[in-house]
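Trainee: Numbering follows my numbering, in which position 2 of the sequence shown is assigned residue number 71; successive positions increment by one, without gaps.
Treat the hints as calculated values from the structure; they're not laboratory data. Incorrect hints may have been included.
To be verified - Heads up, simulated EDC-like pairs for lysine to aspartate or glutamate below, C-alpha to C-alpha not over 20 Å straight-line:
id : residue 1 : residue 2
1  : Lys133    : Asp92
2  : Lys133    : Glu116
3  : Lys133    : Glu122
Unchecked claim - Beta-carbon label-pair distances, calculated as ranges:
id : residue 1 : residue 2 : range
4  : Glu79     : Arg111    : 19 to 27 Å
5  : Leu128    : Gly97     : 35 to 43 Å
6  : Leu128    : His82     : 15 to 23 Å
Built from N, CA and C at the ideal position, the CB exists for glycine as well.
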Amino acid sequence: MLLGGDEVVEAAHELNAAALAVDWQATGKTTGTLEEWRERDRVVFREVNQFHEAARVDLGVQGKVTGDNHPERDLLLPSARRDSETGT
């Protein structure tokens with residue numbers, strides 16, 4: 070980040086803010102539903118891609134990390150646990 074251009078630095082800040090929002094909910098510093106956590110996690114995925122795109126442009130690397138060759142990824146989630154599995 071120290072050597073990145075303005076757009077790379079800004080993308081890194083946005084990614085950091087999005088990741089912190091997930092962390093804060095996971096550690097109980099902020100409240101939210103499971104669906105809100107999942108949406109925050111999806112925002113992190115998007116911000117990672119934005120950061121990668123900005124860094125690639127800044128470095129003059131051809132190609133993209135999004136689009137037809139790289140479909141958007143969603144969360145990898147385990148199946149829902151039943152009460153009997155959680156002991157509640």
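Trainee: Confirm or reject each hint.
Mentor: Going through the hints against the structure:
1. Lys133 / Asp92: Given pair Lys133, Asp92 is violated - Cα atoms ~28 Å apart, limit 20 Å.
2. Lys133 / Glu116: Between Lys133 and Glu116 the Cα gap is close to 14 Å, so the pair holds against 20 Å.
3. Lys133 / Glu122: Answer holds: Lys133 to Glu122 is near 6 Å, not above 20 Å.
4. Glu79 / Arg111: 19 to 27 Å: 20 Å, holds
5. Leu128 / Gly97: 35 to 43 Å: Cβ of Leu128 to Cβ of Gly97: about 39 Å, so the range 35 to 43 Å holds.
6. Leu128 / His82: 15 to 23 Å: Taking Cβ atoms as reference, Leu128 and His82 lie about 18 Å apart, which means the hint holds.
Taken one by one, the earlier hints fail for this structure only at number 1.
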